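J.: Between the sequences and the hints, there should be enough to build the whole structure, so can you do that?
Chains H and G supply the protein sequences, listed in that same order. The first sequence begins at 363 in my numbering and counts up one residue at a time. The second sequence begins at 581 in my numbering and counts up one residue at a time.
There may be inaccurate statements among the hints.
Keeping only pairs whose Cα atoms sit at most 20 Å apart, straight-line, the calculated SDA-like set for lysine to any residue is [said to hold, decoys possible]:
{"hint": "1", "chain 1": "G", "residue 1": "K757", "chain 2": "H", "residue 2": "Y437"}
{"hint": "2", "chain 1": "H", "residue 1": "K494", "chain 2": "H", "residue 2": "P473"}
{"hint": "3", "chain 1": "G", "residue 1": "K757", "chain 2": "H", "residue 2": "E445"}
Now the stretches of chain G that chain H is said to cover, found in silico as 3 or more residues with beta-carbon under 8 Å [claimed, not checked]:
{"hint": "4", "region": "731-745"}
{"hint": "5", "region": "748-761"}
{"hint": "6", "region": "793-802"}
No lab work stands behind these hints: they were computed from the structure. Here the structure is a predicted model, which is why all the values come from computation and not from measurement. The beta-carbon is built from N, C-alpha and C at its ideal position, and this holds for glycine as well.
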Amino acid sequence: MSDVVLKVNDLKAWFDDFNAVKGIDLEYKRNTINAIIGPSGCGKSTYIRCLNRIHEEVAGAKISGEVLLEGKNIYAPDADPVEVRKHIGMVFQKPNPFPAMSIFDNVVIGPRLWGERNKKNLEEIAYKSLQKAALWDEVKDKLHQEGTSLSGGQQQRLCLARTLATNPPIILMDEPTSALDPIAAAKVEDLMMELKDEYTVIVVTHNMQQAARVADYTSFFVLGELIEHGLSSDIFTNPKNQKTEDYITGRFG
Amino acid sequence: MKLSPQRKFKNLLFKFLLTLASVSVLIPLILIFNFLLQKGSMALSLDFFLNEPKPVGELGGGMAHAIVGSLTMVGLSALISVPIGILCGVFLSEYRQGKIAAILKFTIDILTGIPSIVIGIFSYLIFVVTMKSFSAWAGAFALSIIILPIVTRTTEEILKLIPKHVREAGLALGLPKWKVILHIVLKGSKNSLITGVILAISRASGETAPLLFTAFGSMYFSDKLTEPMASLPVQIYNYAISPYDDWQRQAWAGAFTLILICLGLNISARLFFKRKELKKFFVRKS
Ligand SMILES: Nc1ncnc2c1ncn2[C@@H]1O[C@H](COP(=O)(O)OP(=O)(O)OP(=O)(O)O)[C@@H](O)[C@H]1O
Ligand SMILES: [Mg+2]
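T.: Okay, here's the thing in structure tokens:
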């Protein structure tokens, strides 16, 4: 198996006529954490939403370029978005638990609808996923309450657990900790570090310290363009581009 | 912060107008109920609920046949139109981009606006004229055309309340769109959908015009769908314009029963919301 799990070639994305992502070339190595930073509105969300073919669900969305998952283009005419999304999971910027559905059902809905019927297995999946998402202790006594009854931060970890339950080799996270308190955020960061053993993580964040702490690689976006990409240690200590330096030192953005 | 007297006065005035409007809605309801109870209570008896009419001149008898007839035709029409209406609503809400959706939406809008008597005539031409007989089927068909657009629009509106990002989350789990619609969108709006459907049915159970020249009415119990069938609204109409005191009293009792049925449907619709969900529904809607 090649070292590169995901390779992005000249990826562009539009909302109607508005070009939000303007030709990105990037590679992601297996079992790494990759941060994406950049000012608000620069197309980070749009970019990672292209990586699991969710961007195309927006009315008026257009995409060009290639995204190679294990060498196969997920935008090839015969590629099935449903299969792509089984391999590339996503935690969204806003917590979005399924309404009128219990915490338990929220977590196991993926495996259940993929065909897992065994109650024991589903309970096992729910336990493991909630543990990993640092939510188990808070919800273990109320698994049958509705997911929407949780606090915002708990909902976000519920959504994380829901994604982990489907066990995708690549996980996209769009600001997964922006709704969390520092303790829960630290737990999720720990989780990312653990996940690295089995998964490849691509995470959008506005938290520079977080990127520096957890990410092996960091990409800096401005206005839909990739300004700089490299080892986080380089980007944060020794940026090559002036814009990057201004941004991470807080003088720009 | 202290309100200026002027602001205070405006607030009071506005509250007063709102209260006035609310009360003016309540008054007719209470009056109608009171009126029906007074006029109809004399004819309300066990006999009324259990028997069919007696021949003219004999006192007594009831509208049981019409109650059963109404339930039969309304039930049939619901069986026809609720599944179709929900499917159309799902289509309008989940596949709204396409041309077909635009045409469907237009059709539903027009259907909603057609007066019920016109729908009655339409059903008369299709069923009664071709089969040379008034029939319960023709009545049920007319009612189902009345229910269909209501169920469709209600379903569409309710499904639209589920935010887009919830659907995206479902897709992102590697679920095909139909599973997302069935297991996440529809399931998440189940209670509101049931409420909407019950309200649509309750609306249809009071319709007279479309039944006049389709099911026509009858004075007997009937279990044949190809023959005329009595219904509460038509029975009330016929009795109300009759010259007999006893029948007129029964018409009042029938009207009272009809209102009770509608009220019962409405209340059971509300009960499908647990209190918490009721709150959520209105908060989300506003
Ligand atoms: N649904 C949409 N329709 C039209 N334009 C959109 C839509 N969503 C985003 N945009 C535009 O695309 C650009 C990129 O948005 P995007 O959400 O990707 O930014 P972002 O980098 O994730 O920002 P943030 O850090 O605030 O989350 C913005 O200019 C935004 O206005
Ligand atoms: Mg974003």
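J.: Run every hint past the structure and note whether it holds.
T.: Outcome of the hint check:
{"no.": "1", "hint": "G:K757 x H:Y437", "verdict": "holds (18 Å)"}
{"no.": "2", "hint": "H:K494 x H:P473", "verdict": "holds (17 Å)"}
{"no.": "3", "hint": "G:K757 x H:E445", "verdict": "holds (12 Å)"}
{"no.": "4", "hint": "731-745", "verdict": "holds (count 3)"}
{"no.": "5", "hint": "748-761", "verdict": "holds (count 10)"}
{"no.": "6", "hint": "793-802", "verdict": "violated (count 0)"}
Hint 6 from the earlier list is the only one contradicted by this structure; the remaining hints agree with it.
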